[in-house]
Amino acid sequence: MTDPPPHPATALDDVVHQRVRLGILTVLSEIPECRFATLRDELGLTDGNLNRHLRILEDAGLLQVTKGYEGRRPCTWLKLTRAGRAALRAEVSALEQLVARIHAATAPDRRDGVTGCGAG
Amino acid sequence: MEPDRTTEAERTLAQLDRLRDRSARRARGGAWLPALGIAVLLLASSALYQAPFGQLYAIEGEHPYWAGLPDQQRSPVASYLFWFLGVPLLLAGSAWWYRRRARRLGVRTPWPAFAATGLGVLLLLAVIAAVPTSPPPDTLVLIEGPFWPGLLTPLLAPAAMAVALGWVERSRGLVVAGVWIVALSAWLCTVFPLGTVPGWLIGGGPAPGQLAWRPGHYLVLMALPLLAVAAARLVSTRRPGA
Chain A
1 MTDPPPHPAT ALDDVVHQRV RLGILTVLSE IPECRFATLR DELGLTDGNL NRHLRILEDA
61 GLLQVTKGYE GRRPCTWLKL TRAGRAALRA EVSALEQLVA RIHAATAPDR RDGVTGCGAG
Chain B
1 MEPDRTTEAE RTLAQLDRLR DRSARRARGG AWLPALGIAV LLLASSALYQ APFGQLYAIE
61 GEHPYWAGLP DQQRSPVASY LFWFLGVPLL LAGSAWWYRR RARRLGVRTP WPAFAATGLG
121 VLLLLAVIAA VPTSPPPDTL VLIEGPFWPG LLTPLLAPAA MAVALGWVER SRGLVVAGVW
181 IVALSAWLCT VFPLGTVPGW LIGGGPAPGQ LAWRPGHYLV LMALPLLAVA AARLVSTRRP
241 GA
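These protein sequence lines map, in sequence, to chains A and B.
Counting from 1, position 32 in the first sequence corresponds to residue 32 in full-length UniProt numbering; the numbering is continuous, with no gaps.
Counting from 1, position 193 in the second sequence corresponds to residue 193 in full-length UniProt numbering; the numbering is continuous, with no gaps.
FYI, nobody ran anything at the bench for these hints, they're computed from the structure.
A couple of the hints might just be wrong.
[To be verified] If you only want the chain A side, here are some residues facing chain B, beta carbon under 8 Å, derived:
| no. | residue |
| --- | --- |
| 1 | 32 |
| 2 | 35 |
| 3 | 99 |
Where is the CB? At the ideal position from N, CA and C, for every residue including glycine.
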């Protein structure tokens, strides 16, 4: 007897899974380097809120923060690290597996007209 | 509780997809201008030939092919200056464009890799061309057929730039466009006269054939994929929500 495969939910990483942090990593996975203000506006956050999440991600080694100047204006640039990219990939994969697993489990119910999912 | 979790996971994945799509369009919305610049440089280089679209009775392809393709050029010095000034100018323009975008949109592109590739290839060509050889490479390249020094063509610079731009901008289309220029250049610059097709390829036995196209036609053919990618990127940038 082999052990059943672990539930995909166990693969979700608390640092990454948080909604705002997942958004930050997703934006940075597409934008090679993004200004703090651009990311803040894209996600509709306040400076303080974004800062708090950035610190958590930076401490976990998932993103790199570079402070500098543009003319005389201070400017912060954000970049995803290799570990950050891998963490995002793993998180999305775990979410996809979770969805697939539960869809598979509820398929017979759906055929009987019983759906457990609310409208997305 | 699992169905609720599924719904939430599905919703999260859908939101991430939308966010990713929006971010990608914002990040790569600037590729169209450098791509268009490379295409324009290729098309403008047709002015370096004596008859870019017309037929000539006798063609002398002086080696190295500073115009780009082995055909009668107006002036080797003008051809040399065209590429050795045109490429750096295009790269300087692209650098200005990307810096302006970074200031306006808060999105940086690793354009220095693109610029370094263009300048690097150009410099390498200049260095290789300056290496003394024996016998001196001032003779025509013909009769013997394929001849690798023919690859010493400035067309490799725009080709490498297109590939590097594709890598920087994560665009398969641009990489393919660059490989397409390399492939056409490799064929056209290692045969003489221009457009010679090996006999085995056209099923005509050992005797080679020749396409009746002129340098201008081939340059248009080289630039077409770049123009298509530039147009597609521009349209995608202008799309609502981009």
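- Message: To test your reading of the hints: which numbers does this structure violate?
- Response: Of the numbered hints given earlier, the structure breaks none, since each of them holds.
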